[in-house]
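Peer 1: Below are the chains, spelled out letter by letter.
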Amino acid sequence: MIVVAMVLMTLGTAFVLAAAIGVIRLRDPLQRMHSATKAGTLGTALLILGALLTGTIDRTGTGLLTLIFLLITLPLVAQVLARASYVSGSRLEGIGSDPLDGELDRTDEMLR
Amino acid sequence: MTILYALTGAGIIGCAIFMILSRNLVRMLLGLSLLATGTNLLLFLAGRIGSEQPPIIRDGAKALGVSADPVAQALILTAIVIGFALTVMLGVLVLRAWRSGGTVDAREVDAAEMVGPAQERDDLHG
Amino acid sequence: MTLTILSAVLGLVLAIALVLAGWRMVRGPGFADRVIALDMLTAIAVGFAALTAVTTGRGAFLDIALGIALINFVATLAFAAFLERKRREP
Amino acid sequence: MKQLRRLRAICVLTAIFLWDLVVASVSVARIVLAPTIRTHPAIIAVPVSVRRPWAVALFAYFTSLTPGSTCLHVSDDRTRLYLHILDTQDAEASVARFKQLYERWILELEA
Amino acid sequence: MTCMGDALLLTLPVLVPFLGAALALLLRKHPAAALMTGLAASGFVLLASVALLTRVMVDPRVPLTVFGGWPQGFGIGFSAALPGSALVVVTALILFAAAIYAIGDIGPRRRRGGYDALMLAMAGAMNGACLTNDLFNLYVWFELALLAALGLLTIDRRPAQIDGAIRYAAFAMLAATFILIGVGMIYGMTGTLDIRTAGAVLADSPASVASAVAAALLLGGLMLKSGLAPFHLWLPASYHTAPTTVAAVFAGLLTKMGFYALLLVMVVIFGVGRGAPGGAQLTPLLGGIAALTMLLCVAGALGQTDMRRILAYHVVAQVGYMMAALALGTRDGVTAAIFYMVHSMIVQANLFFGAGLIRRASASWDLTRAGGIVRREPLFALLFAVPVLSLSGIPPFSGFWAKLFVIRESLDADMAWLGGVALLAGLLTIVSMSTFWSDACWKDARRTSMRAVPKSGLVAMALLSAATVVIGLMPQWLWSIAQLSARLLEGQG
Amino acid sequence: MFVILLISLIGACVMPLAARVIGRGAGLVIALLPIGLLAAFVSMAPVVERGWVLGEGRNWAPRIGLDLTLRLDGFSFLFCLLVTGICALVVIYAGGYLTGKPRQERTRFFTLILLFQTAMLGTVLAESLLVMLLFWEATSILSFLLVGFDSRSARARRAALMALQVTAFGGLMLLAAVLMIGHVLGSYSMAEAVRQAETIAASPLGTPIVACILIAAFTKSAQFPFHFWLPNAMQAPTPASAYLHSATMVKLGIYLLARFEPVFAATGWGRGVVVTVACLTMLVAALQALRAENFKSALAYSTIASLGILTLLVGLDGPAATVAMVGFLLAHALYKAALFFCAGVVLHATGQQNLRALGGLARVLPFTALACVGASLSMAGIPPFIGFISKEFLFEAQIESSWETAPLAIAVIVNAAMVGVAGVVTLRPFFLGGAKHRELRNGESLSLVAPPLLLAVAGLLISLDPDWITRVALRPAVAAVYGRAVDVDIAVWHGLTPMLMLSAVVIGIGALIVRYWRQIHIRLRGAERFDRLALEKLWERSLRGLMHGSRALTGWVQHGDLRRYLLVVVGGMAALIAWSVIAAGAVPRLPDAGTLRLAPALVALVGLGGAVAATRAQSLFTAMIATGLTGFSIALTFMLNGAPDLALTQFAVEALLVVLLTALLMAVPLASPATRTPAMRRSDAVVAGVMALMLVAGIVDMAAGPQGSAASAFYSEMSYLGGKGHNVVNVILVDFRAFDTLGETMVIAMAAVLARSLLMRRGRAAQEAAQPSVHFSFQAFGRVLSWTLLAASLVILWRGHDQPGGGFVGGLVAALSFALLSLAYGVERAERTLRAGPLTLVGIGMACTLASGLPGLIAGRPYLTHLWWEPVWFPKLGTTMIFDLGVYLVVLGAVLAFLFGLQREATK
Ligand code: NA
Ligand code: NA
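Chains as they are written, first to last, in this note's numbering: chain G, 1458 to 1569; chain S, 64 to 189; chain R, 1120 to 1209; chain D, 14 to 124; chain Z, -2 to 490; chain Y, 6 to 913.
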């Protein structure tokens, strides 16, 4: 059990690190958002799961609640951030056609 | 660790002071918020650091074992909330200044220093 | 014991992630980049809470994890709302 | 019977959700950790069949999980979702996948 | 008197204003009810504080209550050691006078803005600061006073008020930081927040960098609060923007609260006057600060024609005298400082009251435009002469004794030069205040139509003027209290 | 004597009311008071005559060293006679002089005059120097009020201010002198000071004491260079001039000098200074008296000259000088008061003061002319008037003193000038120049002419039969001043003495001056350089300079630039710390290095990095994000060091700051162009850096010191047993140190009041704000998430006593839930959901918090003693919960007050 816990924790942390690297390396805010929210949150979820499995903590309920809340809010945060990035005029790398053009107001110049 | 934290706290305070000295009122406001943060870190050192254990009595126990100093934490908790109230209050003042004068440059927000007949028109109240 | 060491190592990794996210927050270039990096911090903080809970064996830190998740989520939304609205002004 | 169908839909959706989450994260991590970043981002419009607002929201929600896709915007008449896709070669395939994988079950719920 | 009675007496000066503030807040939509709440609470606090002082004078055992019923040193304690309980009475007197004055000065709009709640909160803060034994608690009261002050300052939302409040807030937040770090360091060094215990621990330990830094931080922070030069700059930039009643209460209470804390910290914790390690190195500096404050701020007053600004500068200059007394580092110096503080609180508040009435009558804050009071409002002119003369140090008013003590003690402490500076500043004060009175009251009004001053204003002024005269005629009474206070402060009571 | 003073004081307050009732005769009625007092003093004559000293003492404030001690000796007695006697005449005279003035003004005048009488009596009767000082200052103030009596006149006000400022300066000097004497002797007794004159002079404070006394005396007695206020003081109504500025008040300086003669004589230089100043005064005054254009100022300058003579006599040694001083004091009071009265009559009658414009009044004002002649003859020192006798004494004193001839020569010249002035003021208005005035505004009346006539006659009678006055007043006075009895022989005719010769010379020169006055006068007036001798211009210029200087200084200090203000504060603070550390001479200590924990170290450094980035950010938004990074890292630091409560609170605060400050940033421009030059930034950085280093030194040294807190140990032990809570931090907050929390709650509440009064309220915004444009999903899920947060906040509140949480965090999280609502649906919706106004929540919360302490108080325990109830059906219930609930409500209400207000303002 403890081994599973440790593996999960390590894996989770690795995901978080990967997400952070993505935030650095990816080229535009929308791409970075994918990395930050998804990989980051999954990593954290695994970390919590691992921590719960170590058996040293007597707060399984809280841990699970955290996990669920994180996972439930993750897509919402992703959507809101994505839209905010878009309308705040972020540079979008490599996007060919933009069907949203005309549908959603967008600042011409990126807010910076 | 103590020295590192002391350097960090004081460094934050130094940066905060640098920002407070700016003439942009919003910058000053952010500086004051930073100032509170740095101060809290220094206060934390007054209780000494060393234990990662929270000052929470374990279930079944009657007294607290080795843990971080609870008094310093209680003080900081108070200080955090007061600092928050002050920061936000200053924010409100800055916003009002912006609404009335259209500027957040401290050099142009100087109505209080200009005393005399000019400002008397509007300050009679019943 | 191994758990403690592992936690320390993982903590360091999380700290590095924090440095990276912090770097993006500070460097931008856009407001959106900074906000996204800020959201990344939530995950890191919750991770730290979980690790601290493991090293100290205290569930209190998991309460904090939940608290952070609840709280920071609103901060992200507030920033997003700011970005949405601020665009209308020159 | 209807309740049962709904329960099944919820279970399926949860399972898809968790699975997709892992897949999404792994794929993002792969992209990120690759020696050179090679992404093909795109913004695509997805027509929506479900009508109830919560159902649309749910659809948008699930599309935001899949490997590297996020709902950017829901059109005001709630007939289209606009997705940002991190790495796609074939936009049409993606649209089809969303409709097939999620919308079907959400329709089930809405019914 | 039982212990229970003590607990009640010590709690009321803080509890009643706070309860009143809560009530006033809930009643804020009904200005008349808020007014009555404020008036009733102020009056009740005055009675309670007089009862407390009487209790202290009657029974030599210092009344003490520890909130929460914990042993002394482990909870926050209030004790009515003398300077505190005397200041509570003065505070209550000023606030009661202000409540009366406000009847004619604070209209429904301001009351709906929360005037009464803010004022009562400030009263509670001031009383708390006077009674508390706890260093951090003192900090909390300072913050409360600050917030209440800012609320009162900006109650009309005028640009000048906002600007003044920003300046005030910026300084105050720096001050709070200094004080807070200082308090934290005291805790870090002594492990206690009880002022006396901390002082005892520090007195027994050798001088250290930490104690030197903490002493400087607390001194600097409290200098900011009490407006001592060169940290006084915020005060003349903000006080004058407030409504009259508010400015009067500020002048009477705020800086004195800062100075009282300064006194407490310097004497009790750092043993100024006892040559204890920790604060002794600062003593020589205090004299310079005092001299600078007196001269710089009197000069400030001389350079103005706006009544409120003149008075604001005098507020600070007066703190300079108190600092001069403290700087002597003797027990009689501390006594003189306490005497001066009480005198100055009453007089400063009264002066602002007077300025407000002059403004009411002549529709201008500018001295060059005011005038004609003696003929239109002879009673007011007479009442106003009392604080004017007292501030100028003319006998037989309280200010004469206050100045006399400062100078006398400076001689006894072999710091005659400081007394000389006080004398010089006194001369300049006379020049300033005689011009003030002559211009405001004596000369002819520029405008023919003058408005009558409200009766409530006169009643408030009469109250404070009477106090000034009583102190002037019976200086020994206050001197004895101050002397006993100084002894208690130094832990020899 | 107390009784006398008391009667005088009460009388001063009561008697003038007569002027309200009675018209013309008021003066006579009111004069009963001074006459009665005079009678009382005369009745003491037998005692004084024997050289006894009457003493009385009352304890006033012995701890301050202030005893209300009075003493009546010969010198005081003489003054008392003058003060009360002349007061009687002044009051009578004023009764006539002020007819036509409104009753209120007359009442005021009489009150002031009688109060002044009291003050004078008090000054000369005081034995304690402090008491003397009290009355001395009172005379200054009353003089101020009397000079400026006609306050409508700018000149009068200016003169009054000048008089006040000069004499108040002197008063402060006297205060200093008295305090220094008290310091040297340990007593404020005047007798003691005189007795120990040598001790005083020999003490290190001897020189300043004497200097202060001399300055005090010179200002009061209008000696050069402080003389200029007196001619200006002639703006006072004439009766007041007669009383204050010739007969009595200005003599207080002489009184002081005479009393302290032993003290300044004991220094090597005291007499020299006094004599020199006296001579200068005499010369200047004589010159100006001849230049004076109008009646009253001629008299004023002659008064200054006379005061110079008196000062000279005090300065000269030997008994004859004392005799001469006492004699001249009396003589001068008599004739100068009379002359002022006459001047007043002339002014009253003609409205004209210019000596060259007046003439031939003897026909219309015969009695006045008569009195004037009498007084002038006395002034000119013509036998058999008393002035002659005093002049004789003067010359005798000079010849007998140890001084060389210079003072003598000056005295001769000055006296000659006095003769001239006396002649001029008599002859010109009354006898020369033809009948210029046919129509008079006011004629003579009994109350106007009786006083000067009485004085003139008194001058004559005394010199013809000097025995009584010599016995009763002069001899005891001389004895009192000189310290032992001196044989005083007053007679008009001493035979042919050198003094007589000198008198003759004086009269001769004087006669010439009278003859050629017009020429001399015009010539002297033409010489404008003498104007400068008046020194009032200099005084006013220096006052103006003071004002300008002050303004310039204040402008320089109070320049209005907030940055420089704050720089002064921070720089000053750093300097203060540096001084403190260096002066304390302690060596900094270092704590044990301990183990370096990498992750926490890195986290802390990220915090520092955020702060640095915040200082360098171009945009305010970036600065805010960077600030947030710091806050976040410090919150993590708290968590990593065993402070979950702190971490949670800090996270909540950071989140709320984001919500609230973005609302601010919504309104203001984000770009913040540089407001400082690079040089400024550098200096700011240096100051900030130094300050930071100081703090590091202090904190590190503190951490190296011994550790251990009794309070912490107690709380750790008692938290559960006494406070029934597992979370020690929370128990501290709601129980051990609940009073802090109470205060903090009030802080937040007041912040809310401020926010509410400064920010827009519901209903103030004209139209409903449009739905904010946010993501559809956000609106779809917003409500449920908001309820989740609200529920969580209640859980946090509830569990706070045992687990991380409590009222603060609970309230903050609850506020976040409303923030969520307002972000998703607009602030209107959030406000509607709340239903109650934020301030109402705050008020209820305050009431809860405050009330939670009352049960304990009612139960006879200290306030905030929490009571617990553990029923079987529930774990535990305590008043702490009410307390924490109050905190929760206050925090929630306050944050919402800010939130709603800021968001409204932002979206306006
Ligand atoms: Na002599
Ligand atoms: Na001689």
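Derived by calculation from the structure, the hints in this document are not laboratory data.
Certain hints may be false.
[Said to hold, decoys possible] Not close to chain Z: a few residues of chain Y, all C-beta gaps over 12 Å, as computed:
{"hint": "1", "residue": "V189"}
{"hint": "2", "residue": "R200"}
{"hint": "3", "residue": "A579"}
[To be verified] Derived PhoX-like pairs (lysine-lysine); straight-line CA-CA distance at most 20 Å:
{"hint": "4", "chain 1": "Y", "residue 1": "K729", "chain 2": "Y", "residue 2": "K881"}
{"hint": "5", "chain 1": "S", "residue 1": "K125", "chain 2": "Y", "residue 2": "K729"}
{"hint": "6", "chain 1": "Y", "residue 1": "K542", "chain 2": "S", "residue 2": "K125"}
[To be verified] Between beta-carbon pairs, the in silico distance windows are:
{"hint": "7", "chain 1": "D", "residue 1": "I29", "chain 2": "Y", "residue 2": "V789", "range": "18 to 26 Å"}
{"hint": "8", "chain 1": "G", "residue 1": "I1552", "chain 2": "Y", "residue 2": "P593", "range": "53 to 61 Å"}
{"hint": "9", "chain 1": "Z", "residue 1": "G40", "chain 2": "Y", "residue 2": "P860", "range": "25 to 33 Å"}
{"hint": "10", "chain 1": "G", "residue 1": "I1552", "chain 2": "S", "residue 2": "S114", "range": "18 to 26 Å"}
{"hint": "11", "chain 1": "D", "residue 1": "T27", "chain 2": "Y", "residue 2": "I863", "range": "54 to 62 Å"}
None of these values were measured; they are calculated from a predicted model.
Just so it is clear, CB atoms sit at the ideal spot from N, CA and C, and this is done for glycine as well.
Peer 1: Now, for every hint given, state plainly whether the structure supports it.
Peer 2: Okay, the hints, checked on the actual structure:
no., hint, in the structure
1, V189, "violated, 9 Å"
2, R200, "holds, 21 Å"
3, A579, "violated, 9 Å"
4, K729(Y) x K881(Y), "holds, 9 Å"
5, K125(S) x K729(Y), "holds, 10 Å"
6, K542(Y) x K125(S), "violated, 85 Å"
7, I29(D) x V789(Y): 18 to 26 Å, "holds, 21 Å"
8, I1552(G) x P593(Y): 53 to 61 Å, "holds, 59 Å"
9, G40(Z) x P860(Y): 25 to 33 Å, "holds, 26 Å"
10, I1552(G) x S114(S): 18 to 26 Å, "violated, 52 Å"
11, T27(D) x I863(Y): 54 to 62 Å, "holds, 56 Å"
Hint violations for this structure: numbers 1, 3, 6, 10, all remaining hints satisfied.
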